[in-house]
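Line by line, the protein sequences are chains A and B. Counting in this note's numbering, the first sequence runs from 1 upward without gaps. Counting in this note's numbering, the second sequence runs from 1 upward without gaps.
If you're looking for bench data, these hints aren't it; they were derived computationally from the structure. Among the clues, some could well be false.
[Claimed, not checked] In silico BS3-like cross-links for lysine-lysine, where the CA-CA straight-line distance does not exceed 25 Å:
#1 A:Lys415 <-> B:Lys148
#2 A:Lys393 <-> B:Lys393
#3 A:Lys393 <-> A:Lys297
#4 A:Lys297 <-> B:Lys148
#5 A:Lys3 <-> B:Lys297
#6 B:Lys297 <-> B:Lys407
#7 B:Lys48 <-> A:Lys303
#8 B:Lys48 <-> B:Lys124
#9 B:Lys148 <-> B:Lys497
#10 B:Lys121 <-> A:Lys10
#11 B:Lys497 <-> B:Lys322
#12 B:Lys3 <-> A:Lys506
#13 A:Lys243 <-> A:Lys124
#14 A:Lys242 <-> A:Lys323
#15 B:Lys242 <-> A:Lys124
#16 A:Lys393 <-> A:Lys303
#17 A:Lys121 <-> B:Lys3
#18 A:Lys297 <-> A:Lys31
#19 A:Lys243 <-> B:Lys467
#20 B:Lys279 <-> B:Lys242
#21 A:Lys148 <-> B:Lys3
#22 B:Lys3 <-> A:Lys243
#23 A:Lys124 <-> B:Lys303
#24 A:Lys281 <-> A:Lys243
#25 B:Lys124 <-> A:Lys393
#26 B:Lys121 <-> A:Lys121
#27 B:Lys121 <-> B:Lys279
#28 A:Lys10 <-> B:Lys498
#29 A:Lys242 <-> B:Lys3
#30 A:Lys148 <-> B:Lys303
#31 A:Lys322 <-> A:Lys297
[What the hints assert, rightly or not] Reference listing, derived: stretches of chain B covered by chain A, where coverage requires no fewer than 3 residues with Cβ under 8 Å from a Cβ of chain A:
#32 117-130
#33 226-233
#34 241-255
#35 345-351
#36 439-448
[Said to hold, decoys possible] FRET-style restraints, in silico, Cβ to Cβ:
#37 A:Glu521 <-> B:Asn49: 50 to 56 Å
#38 B:Gly71 <-> A:Lys3: 48 to 54 Å
#39 B:Asn335 <-> A:His346: 46 to 52 Å
Beta carbons: idealized from backbone N, C-alpha and C, even for Gly.
2 protein chains.
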Amino acid sequence: MAKTISPLQKARAAYNPKLPKVLAAHGSALKAAMGAPTQSIADQNEIKNLFPNTYGLPVVTFEEPADKPIGAVKAGVILSGGQAPGGHNVIAGLYDGLKKIDAGSELYGFLGGPSGLTDNKYVKFDDAFINEYRNTGGFDIIGSGRTKLETEEQFDTVIKNCKALGITSLVIIGGDDSNTNACMLAEYCARMNSGITVIGCPKTIDGDLKNEWIEASFGFDTASKVYAELIGNIQRDANSAKKYWHFVKLMGRSASHIALECAHQTHPNVTLISEEVEKNKTTLIEIVKNIAGIVKKRSAAGKNFGVALVPEGLIEFVPEMKKLINELNDLLAANAAHFDSLSDAHKIQFVNTKLSHESSHAFSSLPASIQWQLLADRDPHGNVQVSRIETEKLLIEMVGETLSEWKDNGEYKGKFTAVNHFFGYEGRCAAPSNFDADYCYSLGYNASSLIASGVTGYISSVRNLTKPADQWIAGGIPLTMMMNLERRHGKDKPVIKKALVELDGKPYKEFLSKRETWAMEDEYQYPGPIQYFGPSEVCDVTTITMQMEH
Amino acid sequence: MAKTISPLQKARAAYNPKLPKVLAAHGSALKAAMGAPTQSIADQNEIKNLFPNTYGLPVVTFEEPADKPIGAVKAGVILSGGQAPGGHNVIAGLYDGLKKIDAGSELYGFLGGPSGLTDNKYVKFDDAFINEYRNTGGFDIIGSGRTKLETEEQFDTVIKNCKALGITSLVIIGGDDSNTNACMLAEYCARMNSGITVIGCPKTIDGDLKNEWIEASFGFDTASKVYAELIGNIQRDANSAKKYWHFVKLMGRSASHIALECAHQTHPNVTLISEEVEKNKTTLIEIVKNIAGIVKKRSAAGKNFGVALVPEGLIEFVPEMKKLINELNDLLAANAAHFDSLSDAHKIQFVNTKLSHESSHAFSSLPASIQWQLLADRDPHGNVQVSRIETEKLLIEMVGETLSEWKDNGEYKGKFTAVNHFFGYEGRCAAPSNFDADYCYSLGYNASSLIASGVTGYISSVRNLTKPADQWIAGGIPLTMMMNLERRHGKDKPVIKKALVELDGKPYKEFLSKRETWAMEDEYQYPGPIQYFGPSEVCDVTTITMQMEH
Chain A
1 MAKTISPLQK ARAAYNPKLP KVLAAHGSAL KAAMGAPTQS IADQNEIKNL FPNTYGLPVV
61 TFEEPADKPI GAVKAGVILS GGQAPGGHNV IAGLYDGLKK IDAGSELYGF LGGPSGLTDN
121 KYVKFDDAFI NEYRNTGGFD IIGSGRTKLE TEEQFDTVIK NCKALGITSL VIIGGDDSNT
181 NACMLAEYCA RMNSGITVIG CPKTIDGDLK NEWIEASFGF DTASKVYAEL IGNIQRDANS
241 AKKYWHFVKL MGRSASHIAL ECAHQTHPNV TLISEEVEKN KTTLIEIVKN IAGIVKKRSA
301 AGKNFGVALV PEGLIEFVPE MKKLINELND LLAANAAHFD SLSDAHKIQF VNTKLSHESS
361 HAFSSLPASI QWQLLADRDP HGNVQVSRIE TEKLLIEMVG ETLSEWKDNG EYKGKFTAVN
421 HFFGYEGRCA APSNFDADYC YSLGYNASSL IASGVTGYIS SVRNLTKPAD QWIAGGIPLT
481 MMMNLERRHG KDKPVIKKAL VELDGKPYKE FLSKRETWAM EDEYQYPGPI QYFGPSEVCD
541 VTTITMQMEH
Chain B
1 MAKTISPLQK ARAAYNPKLP KVLAAHGSAL KAAMGAPTQS IADQNEIKNL FPNTYGLPVV
61 TFEEPADKPI GAVKAGVILS GGQAPGGHNV IAGLYDGLKK IDAGSELYGF LGGPSGLTDN
121 KYVKFDDAFI NEYRNTGGFD IIGSGRTKLE TEEQFDTVIK NCKALGITSL VIIGGDDSNT
181 NACMLAEYCA RMNSGITVIG CPKTIDGDLK NEWIEASFGF DTASKVYAEL IGNIQRDANS
241 AKKYWHFVKL MGRSASHIAL ECAHQTHPNV TLISEEVEKN KTTLIEIVKN IAGIVKKRSA
301 AGKNFGVALV PEGLIEFVPE MKKLINELND LLAANAAHFD SLSDAHKIQF VNTKLSHESS
361 HAFSSLPASI QWQLLADRDP HGNVQVSRIE TEKLLIEMVG ETLSEWKDNG EYKGKFTAVN
421 HFFGYEGRCA APSNFDADYC YSLGYNASSL IASGVTGYIS SVRNLTKPAD QWIAGGIPLT
481 MMMNLERRHG KDKPVIKKAL VELDGKPYKE FLSKRETWAM EDEYQYPGPI QYFGPSEVCD
541 VTTITMQMEH
């Protein structure tokens, strides 16, 4: 049946993504300029031992055309993990690049994430298929999934399936974990002389897959702009109605990049940064008192309204809450059947009896609704589902209680009415901004060049991103270079280091210097919705985080 | 201190709103062409008796310039009720129109809504002031408020304050209630020979202030486009991740226009329409079973995901819930002190003892969290705060329970994981779409023409809105024409009739014809964010509701 598409989708289908000059000029058969051998950022000996075939590779840069054509290539691609705007353009860029290498090249898309590779579920792309998805949001072109590709059995199956189709290169589009696994697969394929190369692509709206060579993970630009649009609208509403405090939780479990970027785009009264909470070992009570203090000060200035941003993962960075969650995980996993058989009242009592004094105190000081979220919403392993804890409501309730105490003491005379919001799913599948559309298309096109040059264990790297696209630098970075060892479930594992908000970095320090002013003055900025067709200073501007970092 | 503004705000400040040809060509000194005398839509004798001075006035149309200049005018303006995108442009249009009549004209803005008029709190606009707010969202230019202007004491104060400033005309920008009160003020001013005229302007994102002469209330276009953007993004996410059902509650207490418009823009799997629920006397259990049935059917087709839209006011249209809420309001208001003194367990028992059997049954079948929302969240009059009931969570919980029963019976084998959203504050203060920017500016400019022609008790009317702006028809409609009598708190009151979704209208009937297909097929449409600078078919398209109605 003929699906209708919206006017914007129609207009956007005609957008021609911009490419780095070398990719646009010469097509994909490029000569890879090899730099000096590289090292991992830490734990060099261990990482080298784990990746003997893919360790120490040189940084690759593309500057001029290859000496001769390389012939048709058969490649496969998967989308891995959570959605991010621009994934479709990575695939479109990869497809166009492969076709430019040789019109006979073929691209297969494995369905539903990494499991598509092991289950051998795939589609073969053609022009009509790809054209339907150019410059669109979502991962619906082939779906995504969270299966971890990490065992040798899985790798053997992948190799077998690829060989059956004649596929000699795989592109894995994912976050830090997926790219770590891409590197393990590359190493295994090299060890087994499988003839299959593996290239990664940096995806995540969270913005925590970045370093000297990866200036941004794709999707961060679009997602944070969508959230900033909504925060701006809510600020304008708060400033018009002048009677509500809005608490906005923003997606981002590990890093607070999204909250920080949105703060720079909108200038809200309060922004919590998980990395700062962790460093200062700030307790929940201190966080609550700090917010309540701002509410009180604003109220004294006649302003019973405001906006506060809360990163999704905050609660895990609050020391006593982290301890409580860990204890609850152990306790409930070990006593699942008994616990489930108890009445509600006995559940609370059971938990309080078994927890350490500190955690029992932390648990008891939480609002009842949050206590139940901690006890009831557990994953199949019995773990507390941190992402389902309504931290924004928790803060509203506790701030309200603190203010009500202060009111009884005569310290506070205002009115506190709060509204909660959570933005995450609203931005993960937005149509990519011009930046993400260009960047993603370039990442994919560039991946085809990496494939053509025969390297493996690399991540597609497009740099110099604060400049216009024709000045972007195309190349590849060895995945091992970004790795270190981290303790996971009692074992040392090689992983790509997550980029958290740096407390001595410019984005955070600028925020610090403005925080007091933003708390009291209403310096709200209203970014409005992403624009695709207007003046370049509106449509092509990158994130403030990246501008400050480079 | 110098506030920074976003790139979009900067670019948007330069936008020149489009006007109907007669307003653009001749400026504001226009000759009012008077039609035949009019009647109220119902209760003609009663309305005539209540409004002897403003009843039966002719419809006004502007077609040609006035014979002679009328000199400088002093006018005042207020914003009344909830925010709607474009309010600032009404004021800008009014200001520009008054200045065109005579450069010596003055416009005062009364602060914080109707109470600004009685408290005599105001600002005087000048060019710099107005320029800062052109084409922006929000009501922060002068604030808004919900004070009702309806007593003769208030009217006397308004007249006194206006006379002190030399103001001879007031423009009241508001919804149905505010325009009803504008008409009462117009009548009173005429009766007292105060020399003050009153003009209303049709505002509300809910879209329920419309009729033959008022084709749309301003703000509905922008707000529903913002919500549709987010719903589209969520649909793309649902269709990519393929594991969540998203339940989206949308602002709109009385009418379901927003939900219906968003359904037409996005084609979700389920859309509830309150007017249909009321007409069919659908019970909550029937609603839940209907949704659960769609979840089950989709699951059988391998789709454990979907999107459902829920109008904010739904619960009040479900017959047994309406009855329950009414009984709770009476019960808790009459026994407030006693009720508050009870323990939680006794509160539930008390309520169940005192409610009718039917309501007690309805109450007991609700999830505990919703029972507490009904009991705990009461306004100062003891009434249940319907807008705070998390209907989207209520439905998720009850659909989940139904599916879990069906699973035990072997009727259902799927997995139901749901995420809830509420969109309201996200859209009320968005920067107005081109349509709302043009329409609002025209409404305000047109209001200055109505002032110049000396009429009172009129609402600013700009019609023919599905055509380009230069073909729009400018004029005024007597407010009494839109009135009927309604029973409020045991008394007959004259009010402007709310426009609910018409079950024999084209927007609803088209929806009905698509509903089954949308439920099962994934015909999602992704409208994307409002565009201000692109191709006209993207930037200037009006709501689907209006296109279908005209």
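Quick rundown of the hints versus the structure:
For the given pair, Lys415 (chain A) sits about 21 Å from Lys148 (chain B) by alpha-carbon distance, which is consistent with the 25 Å threshold. Between the alpha carbons of Lys393 (chain A) and Lys393 (chain B) the distance comes to roughly 15 Å, so the proposed pair stays at or under 25 Å and holds. About 21 Å separates the Cα atoms of Lys393 (chain A) and Lys297 (chain A), which keeps this hinted pair within 25 Å; it holds. Distance hint between Lys297 (chain A) and Lys148 (chain B) is unfulfilled; the C-alpha atoms sit about 30 Å from each other, more than 25 Å.
Of the supplied pair hints, the one linking Lys3 (chain A) and Lys297 (chain B) holds, its CA atoms being roughly 21 Å apart against a limit of 25 Å. With a C-alpha separation of about 13 Å, the suggested pairing of Lys297 (chain B) with Lys407 (chain B) holds against the 25 Å cut-off. Note on Lys48 (chain B) and Lys303 (chain A): the hinted pairing is violated, with a Cα-Cα distance of about 44 Å set against a maximum of 25 Å. Of the pairs offered as hints, the one joining Lys48 (chain B) and Lys124 (chain B) is violated, with about 36 Å between alpha carbons and a cut-off of 25 Å exceeded.
Taken as a hint, the Lys148 (chain B) and Lys497 (chain B) pair is honoured in the structure, with Cα atoms around 18 Å apart against an allowance of 25 Å. For the hint pairing Lys121 (chain B) with Lys10 (chain A), the CA-to-CA distance comes to about 49 Å; that exceeds 25 Å, so the pair is violated. Only pairs whose Cα atoms come within 25 Å are accepted, and Lys497 (chain B) paired with Lys322 (chain B) is accepted, the gap being roughly 21 Å. Using a Cα cut-off of 25 Å, the hinted pair Lys3 (chain B) and Lys506 (chain A) holds, with the two alpha carbons roughly 21 Å apart.
Between Lys243 (chain A) and Lys124 (chain A) the alpha-carbon distance is near 55 Å, which puts this suggested pair outside the 25 Å criterion. The suggested pairing of Lys242 (chain A) with Lys323 (chain A) is violated, with an alpha-carbon distance near 38 Å, which exceeds 25 Å. At most 25 Å may separate the alpha-carbon atoms for a hinted pair to count; Lys242 (chain B) and Lys124 (chain A) meet this at roughly 21 Å. For a cut-off of 25 Å, the pair hint linking Lys393 (chain A) to Lys303 (chain A) stands: about 21 Å separates their Cα positions.
Only pairs whose Cα atoms come within 25 Å are accepted, and Lys121 (chain A) paired with Lys3 (chain B) is rejected, the gap being roughly 55 Å. A C-alpha spacing of about 62 Å is found between Lys297 (chain A) and Lys31 (chain A), which places the hinted pair above 25 Å, so the restraint is violated. At roughly 39 Å between alpha-carbon atoms, Lys243 (chain A) and Lys467 (chain B) are farther apart than 25 Å, so this suggested pair is violated. Between Lys279 (chain B) and Lys242 (chain B) the alpha-carbon distance is near 34 Å, which puts this suggested pair outside the 25 Å criterion.
Simply put, Lys148 (chain A) and Lys3 (chain B) have alpha-carbon atoms about 48 Å apart, too far for the 25 Å limit, and the pair is violated. For the hint pairing Lys3 (chain B) with Lys243 (chain A), the CA-to-CA distance comes to about 22 Å; that is within 25 Å, so the pair holds. With a C-alpha separation of about 23 Å, the suggested pair Lys124 (chain A) and Lys303 (chain B) falls inside the 25 Å cut-off, and the hint holds. Straight-line distance between C-alpha atoms of Lys281 (chain A) and Lys243 (chain A) comes to about 33 Å, which puts the hinted pair past the 25 Å bound.
With a C-alpha separation of about 41 Å, the suggested pair Lys124 (chain B) and Lys393 (chain A) falls outside the 25 Å cut-off, and the hint is violated. In summary, the hint linking Lys121 (chain B) to Lys121 (chain A) is not supported, as the alpha carbons are separated by about 69 Å, beyond the 25 Å threshold. Under the criterion of a C-alpha separation no larger than 25 Å, the hint pairing Lys121 (chain B) with Lys279 (chain B) is inconsistent with the structure, at around 45 Å. Using a Cα cut-off of 25 Å, the hinted pair Lys10 (chain A) and Lys498 (chain B) is violated, with the two alpha carbons roughly 36 Å apart.
Among the hinted pairs, Lys242 (chain A) with Lys3 (chain B) is consistent with the structure: their alpha-carbon atoms are about 19 Å apart, no more than 25 Å. Under the criterion of a C-alpha separation no larger than 25 Å, the hint pairing Lys148 (chain A) with Lys303 (chain B) is consistent with the structure, at around 23 Å. Between Lys322 (chain A) and Lys297 (chain A), the direct Cα distance comes to roughly 30 Å. Violation of the 25 Å bound is thereby established for this hinted pair. Three residues within the 8 Å Cβ limit are the bar, and the segment 117-130 of chain B against chain A gives 0, so the coverage statement is violated.
Given as covered by chain A, the segment 226-233 of chain B passes the check, having 5 residues with a CB less than 8 Å from a CB of that chain where 3 are the minimum. Counting residues of the segment 241-255 of chain B whose beta carbon lies closer than 8 Å to any beta carbon of chain A gives 4, which meets the minimum of three for the stated coverage. Requiring three or more residues with a Cβ within less than 8 Å of a Cβ of chain A, the coverage given for the segment 345-351 of chain B is violated, as only 0 such residues are present. Under a criterion of three residues with beta carbons nearer than 8 Å to beta carbons of chain A, the stated coverage of the segment 439-448 of chain B fails, only 0 such residues being counted.
For Glu521 (chain A) and Asn49 (chain B), the Cβ-Cβ distance of about 53 Å falls inside the hinted range of 50 to 56 Å, so the restraint holds. For Gly71 (chain B) paired with Lys3 (chain A), a C-beta distance near 59 Å fails the hint of 48 to 54 Å. Look at Asn335 (chain B) against His346 (chain A): about 32 Å separates their beta carbons, and that is not inside 46 to 52 Å.
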